[in-house]
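Fit chain R to the known structure of chain P by using the hints.
So the sequence lines, in the order shown, correspond to chains P and R. The working numbering puts the first sequence at residues 1 to 315. The working numbering puts the second sequence at residues 1001 to 1392.
It should be emphasised that the hints constitute simulated quantities derived from the structure, not laboratory data. Treat the hints with care, as some may be off.
[As the list claims (entries may be wrong)] Using 16 Å as the maximum straight-line C-alpha spacing, the simulated EDC-like pairs for lysine to aspartate or glutamate come out as follows:
#1 P:K87 / R:D1118
#2 R:K1273 / R:D1294
#3 P:K169 / R:E1080
#4 P:K161 / P:E186
#5 P:K87 / P:D37
#6 P:K87 / R:D1121
#7 P:K38 / P:D177
#8 P:K299 / P:E179
#9 P:K120 / R:D1254
#10 R:K1244 / R:E1210
#11 P:K100 / P:E70
#12 R:K1077 / R:E1066
#13 P:K100 / P:D78
#14 P:K100 / R:E1066
#15 P:K100 / P:D71
#16 P:K169 / P:E179
#17 R:K1061 / R:D1283
#18 P:K306 / P:E290
#19 R:K1061 / R:E1080
#20 P:K87 / R:D1124
#21 R:K1281 / R:E1292
#22 P:K120 / R:E1088
#23 R:K1244 / P:D78
#24 P:K299 / P:D282
#25 P:K100 / R:D1124
#26 R:K1271 / R:E1292
#27 P:K306 / P:E186
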Amino acid sequence: MKVGFVRVRIVLLMLGVCCMVSCSPEQEKPRPGAKGDKTIVCTVNYPLAYFAKRIGGDLIDARFPGPIDEDPAYWQPDTAAIEQFQKADVILLNGAGYAKWMEMVSLPTSKCVNTSAAFKDHYIDLVAELTHSHGPAGKHAHGGLAFTTWLDFSLAAQQSKAIKDALVKRAPEHTADFEANYAGLEKDLMALDQEMKMVAAEIKGTPIVVSHPVYQYWTRGYGLNVQSVHWEPDEVPTETQWQEFRKMLVGHPSQCMIWEGNPAAEAVDALKAMQIESITFDPCGAAPSEKDFLDSMQKNIQELQKYIIQDSIKE
Amino acid sequence: MKGILYLGWRYLTYHWVKAVILISSITLILFLPAGLRVLVQQSRSQLTLRAQSTPLVIGAKGSPLELVLNACYFSSKVPEFIPYGHVEEVLQSGLATAIPLYVRFHAQNHPIVGTSLDYFDFRDLHIAVGRQMSRLGDCVVGAELAREQGIQPGDTIISSPENVFDLAGVYPLQMKVAGILAFSDSPDDAVIFVDIKTAWIIEGLAHGHEDLTRPAAAQRVLKQQDNVVIGNASVVEYTAITDKNINSFHFHGDPAAFNITSILAVPNDHKGKTLLIGRYKADQATRYQILEPDTVLDELLATIMTIERFVITALVTVGISTLVIAALVFMLSLRLRKREIITMTRIGGSRLAVNCILVSEIVCVLLTSIVLAAGLTFATARYAADVIRFFL
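If we strip away everything but chain P, and leave its shape as in the complex, we get (with noise of 0.2 Å):
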């Protein structure tokens, strides 16, 4: 009888644990992408990483999966590199037909952001480009819109207003960080801001060439006088380049060439023969090699100044 009890006693424990096994709660699910608690934050670009991780700090992981050598506007990413989008919490995208392969891959678009849906309305088109025609589509063109939103300093300061709304939307309970690391960048964009407007004020309209057409936002914004070429920095221009270049002088007698990265010497040497500067503003759309975001463009605004004094002394 005793051992019966004791059997009954067994089956009822078992049973009791059977019921709060299958009527305990579920199990909280990781967020996914995340790492730890930190918000996993992709990039398709270096300034808005740079962007992202002033305002996030350390409550984050911003990253850009891109390459460091080619320019991410041009980059294609492997498979790796679109999973690591997927994976993320927060895609960050630069807007303005920025990096084409966003229209040839997969991700959600519930975690993308725009970061320059703010002034979409003031996008810069881009001269039309050839068009061509074939079967019942008719005519159309493969162009589009400059892209280069984060010369014009302002405007990157908003869309790094975009990317703090963001931040706050998926880790609402970090909102104070957030708005007071923001408060910073904003800050340190508009201070920029204010030394380009006033280098502009003191270049009043001279002829400027650049070397690359990733300049619309930074001539727009500043009220420049810029054309372009289509130069590579590290290669020498082709006879006919510089036929075209300096037909180009005779309507914009610029003595200063902007390049987008360290100019071979050469192309130097044979611009200082037509007594054109050659100065280096580094759009950096991929991560500097040593500083950041801000000393990158504090050295072109500085270039710059020196350009503007060392004319002022010719003069």
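Only chain R this time, still in chain P's reference frame:
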């Protein structure tokens, strides 16, 4: 007591034909209403489970049932299209996550569902084999479809033309299988998922072809005027997207104007849901409708429930008649057993003991019937889902 039960049991086994008939009829009459109820409830839950897990569906005004069936079950006719730009509008409202759905095309009679990766998170779908789709032309296949067709990652699936007689229409697209979804016991198991942009390529809104501005393509150029190149009929559009040609694919027009069939709206909270519904209901001029799928299906199921009530009422009536007949059988059986009862009394059986034997026979029949009916009902509950799924 043991002796009483033994005698009752022996009587039933001796008259087994009568016992089996009684037990069968009582079992059936108990099981039929209960089984039918379980079957209908399971059918209802199978149908509504998907609808209940889909908070809101937005689509063009028209038949609500068709829209819900298309968005939740990938069946029914293709509803009126809405522009993709409306997804952006819902997202910008900040009230809900908007997941586009373009359920229009097929591959070998299996629906091709164009959507965004958010759909997989929303439905909690996971890749069992391979990887998630990552580029244009990639697809992931539902578990059941992959098992039936023996599809593996790396295989290709070709979209079926909408109209086989449209020779000038869009070329079928060869899609690469990136992964196979884990079994989810839902309509997602029998479809092919592609990125919404891939669905637009199937539609012909985007295409890839040789760069006509390159010298190598000179023989495909009909004429060039200023900055316009006009290709001739020999320009061939790519029918498969590869690493080599992916950059030649381009969209014609504004994606905001491109077609989708519906939007799954996942509100951030109850307030968001109410506000979102209110916006559509308040705007009488809107060409969109917002639906709560479970409400739409409830209306459909209300009709089925009415029929169920009629059937159960009929079965209960039949059941009562059967029980009355069973009672009559027992009463007549007592008359026939009058001599047997007298014999039991004469050999010393008390009146109580004899009555107990008779009652034990009846209880035994009823208990066996109840146990069998319960077993059948349990089996129905256990396997009905598979049967229903087979027929659905």
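Here's how the hints hold up against the structure:
1. P:K87 / R:D1118: holds (11 Å)
2. R:K1273 / R:D1294: holds (14 Å)
3. P:K169 / R:E1080: violated (34 Å)
4. P:K161 / P:E186: holds (8 Å)
5. P:K87 / P:D37: holds (15 Å)
6. P:K87 / R:D1121: Holds, at about 11 Å.
7. P:K38 / P:D177: Cα-Cα ~14 Å, so holds.
8. P:K299 / P:E179: violated (27 Å)
9. P:K120 / R:D1254: holds (15 Å)
10. R:K1244 / R:E1210: Measuring from Cα to Cα gives roughly 11 Å; hence the hint holds.
11. P:K100 / P:E70: Status holds; Cα separation ~14 Å.
12. R:K1077 / R:E1066: holds (7 Å)
13. P:K100 / P:D78: Since the Cα atoms of P:K100 and P:D78 sit roughly 14 Å apart, the hinted pair holds (cutoff 16 Å).
14. P:K100 / R:E1066: violated (37 Å)
15. P:K100 / P:D71: holds (12 Å)
16. P:K169 / P:E179: Distance of about 12 Å is within 16 Å: holds.
17. R:K1061 / R:D1283: holds (12 Å)
18. P:K306 / P:E290: violated (21 Å)
19. R:K1061 / R:E1080: Judged against 16 Å, a Cα distance of about 8 Å means the pair holds.
20. P:K87 / R:D1124: holds (14 Å)
21. R:K1281 / R:E1292: Judged against 16 Å, a Cα distance of about 12 Å means the pair holds.
22. P:K120 / R:E1088: holds (14 Å)
23. R:K1244 / P:D78: holds (13 Å)
24. P:K299 / P:D282: Within the cut-off at roughly 9 Å; holds.
25. P:K100 / R:D1124: violated (30 Å)
26. R:K1271 / R:E1292: holds (15 Å)
27. P:K306 / P:E186: violated (26 Å)
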